[in-house]
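The task is simple: from the sequences and hints, build the whole structure.
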Amino acid sequence: ETGVTQTPRHLVMGMTNKKSLKCEQHLGHNAMYWYKQSAKKPLELMFVYSLEERVENNSVPSRFSPECPNSSHLFLHLHTLQPEDSALYLCASSPGENRGNEKLFFGSGTQLSVL
Amino acid sequence: QQPVQSPQAVILREGEDAVINCSSSKALYSVHWYRQKHGEAPVFLMILLKGGEQKGHDKISASFNEKKQQSSLYLTASQLSYSGTYFCGTEIDNQGGKLIFGQGTELSVKP
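These protein sequences, in sequence, are chains Z and H. For the first sequence, the working numbering begins at 1 and goes up steadily by one. For the second sequence, the working numbering begins at 1 and goes up steadily by one.
Calculated from the structure, these hints are not laboratory results. Only a predicted model underlies this, so the values are computations on that prediction, with no experimental measurement involved. Check each hint, because a few of them may be wrong.
Taking lysine-lysine pairs in the BS3-like style, the calculated list, with each CA pair at most 30 Å apart, reads [to be verified]:
(1) H:37 <-> H:98
(2) Z:19 <-> H:68
(3) H:37 <-> Z:41
(4) Z:22 <-> H:37
(5) H:98 <-> H:67
(6) H:37 <-> Z:19
(7) Z:41 <-> H:26
(8) H:50 <-> Z:19
(9) H:68 <-> H:26
(10) H:110 <-> Z:41
(11) H:55 <-> Z:40
(12) Z:40 <-> Z:22
(13) H:55 <-> H:68
(14) H:26 <-> Z:22
(15) Z:40 <-> H:98
(16) H:37 <-> Z:103
(17) H:55 <-> Z:22
(18) H:98 <-> H:68
(19) H:50 <-> H:98
(20) Z:103 <-> H:67
(21) H:37 <-> H:110
(22) H:37 <-> H:50
(23) H:37 <-> Z:40
Stretches of chain H that chain Z covers, calculated by requiring three or more beta carbons in the stretch to come under 8 Å of a beta carbon on chain Z [stated by the list, open to error]:
(24) 35–46
(25) 98–109
Even for Gly, the Cβ is constructed at its ideal location relative to N, Cα and C.
So, in structure tokens, the structure goes:
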């Protein structure tokens, strides 16, 4: 148990659907992240939020829309996805003291399949 | 920009040693190591900061040579529980948490 909870664990959606991934952290951290993990590829940083403000958008297509309503919750809203978006989506948090060398705490991920 | 890990995969017998390398083309501020077991979250192992330090955690240790922009993870007397995929993550500045990960090294420890 890392203190970071993601739901759902598995999601199957069609290309015209709209769905959301949810992440919650119980660690009192100020920074939260979305990473994408595709088969045979490295973890790709998608978005970074610090104190509920987006500080990084790593050239992610607009069909992925993040939302951070408070420092404990992070969402990833999905719409009109493509089959190549199928992957494991990992949420992480860190203390967010913005001084580098911050340890990341990962959730177990949502395994997304786009049909 | 993405660090390169080697080897991509390694199979060990229990008790054997292994070294996993992580190389970057950019100057690094820090290197992080994580282990991910199948179906689970990646778990933090250690952080190394520039300055050529070496760290240890039980029988797992790591070094960071900032001049060569390389880090190595050393697993000695491997145990079955060491099996998983090992990722290095690199930071090029101290702006906090924006790790760029290598492609991973899959380690299998057999009895």
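Outcome of the hint check:
A threshold of 30 Å between alpha carbons decides the hint, and for residue 37 (chain H) with residue 98 (chain H) the separation of about 22 Å falls inside it, so the pair holds. Straight-line distance between C-alpha atoms of residue 19 (chain Z) and residue 68 (chain H) comes to about 45 Å, which puts the hinted pair past the 30 Å bound. With a C-alpha separation of about 16 Å, the suggested pairing of residue 37 (chain H) with residue 41 (chain Z) holds against the 30 Å cut-off. Annotation: proposed proximity of residue 22 (chain Z) to residue 37 (chain H) holds, straight-line Cα distance about 22 Å (limit 30 Å).
For the proposed pair residue 98 (chain H) and residue 67 (chain H), the alpha carbon gap of about 21 Å is at most 30 Å, so the pair holds. Pair hint residue 37 (chain H) plus residue 19 (chain Z) holds up; C-alpha atoms about 27 Å apart against a cutoff of 30 Å. Restraint check for residue 41 (chain Z) and residue 26 (chain H): satisfied, since their Cα atoms lie roughly 20 Å apart, inside the 30 Å limit. Between residue 50 (chain H) and residue 19 (chain Z), the direct Cα distance comes to roughly 42 Å. Violation of the 30 Å bound is thereby established for this hinted pair.
Note on residue 68 (chain H) and residue 26 (chain H): the hinted pairing holds, with a Cα-Cα distance of about 10 Å set against a maximum of 30 Å. Note on residue 110 (chain H) and residue 41 (chain Z): the hinted pairing holds, with a Cα-Cα distance of about 25 Å set against a maximum of 30 Å. This hinted pair checks out: residue 55 (chain H) and residue 40 (chain Z) have alpha carbons roughly 29 Å apart, not beyond 30 Å. With a C-alpha separation of about 25 Å, the suggested pairing of residue 40 (chain Z) with residue 22 (chain Z) holds against the 30 Å cut-off.
Taken as a hint, the residue 55 (chain H) and residue 68 (chain H) pair is honoured in the structure, with Cα atoms around 18 Å apart against an allowance of 30 Å. Distance restraint check for residue 26 (chain H) and residue 22 (chain Z): the Cα-Cα separation of roughly 34 Å exceeds the 30 Å cut-off, and the hinted pair is therefore not satisfied. Between residue 40 (chain Z) and residue 98 (chain H) the CA atoms are separated by roughly 21 Å; this keeps the pair inside 30 Å, and the hint holds. In summary, the hint linking residue 37 (chain H) to residue 103 (chain Z) is supported, as the alpha carbons are separated by about 18 Å, within the 30 Å threshold.
Between residue 55 (chain H) and residue 22 (chain Z) the alpha-carbon distance is near 35 Å, which puts this suggested pair outside the 30 Å criterion. Taken as a hint, the residue 98 (chain H) and residue 68 (chain H) pair is honoured in the structure, with Cα atoms around 21 Å apart against an allowance of 30 Å. Between residue 50 (chain H) and residue 98 (chain H) the alpha-carbon distance is near 16 Å, which keeps this suggested pair within the 30 Å criterion. Distance check on the hinted pair: residue 103 (chain Z) and residue 67 (chain H) sit about 23 Å apart at the alpha-carbon level, within 30 Å; holds.
A distance of roughly 15 Å separates the Cα atoms of residue 37 (chain H) and residue 110 (chain H); the hinted pair therefore holds under the 30 Å criterion. Of the pairs offered as hints, the one joining residue 37 (chain H) and residue 50 (chain H) holds, with about 28 Å between alpha carbons and a cut-off of 30 Å not exceeded. About 15 Å separates the Cα atoms of residue 37 (chain H) and residue 40 (chain Z), which keeps this hinted pair within 30 Å; it holds. Given a C-beta distance limit of less than 8 Å, the hint that chain Z covers the region 35–46 of chain H holds, as 6 residues qualify and 3 suffice.
Coverage of the region 98–109 of chain H by chain Z holds. Counting CB-CB distances below 8 Å, 7 residues qualify, and the rule asks for three or more.
Hints 2, 8, 14, 17 from the list above are not met by this structure, while the remaining hints are.
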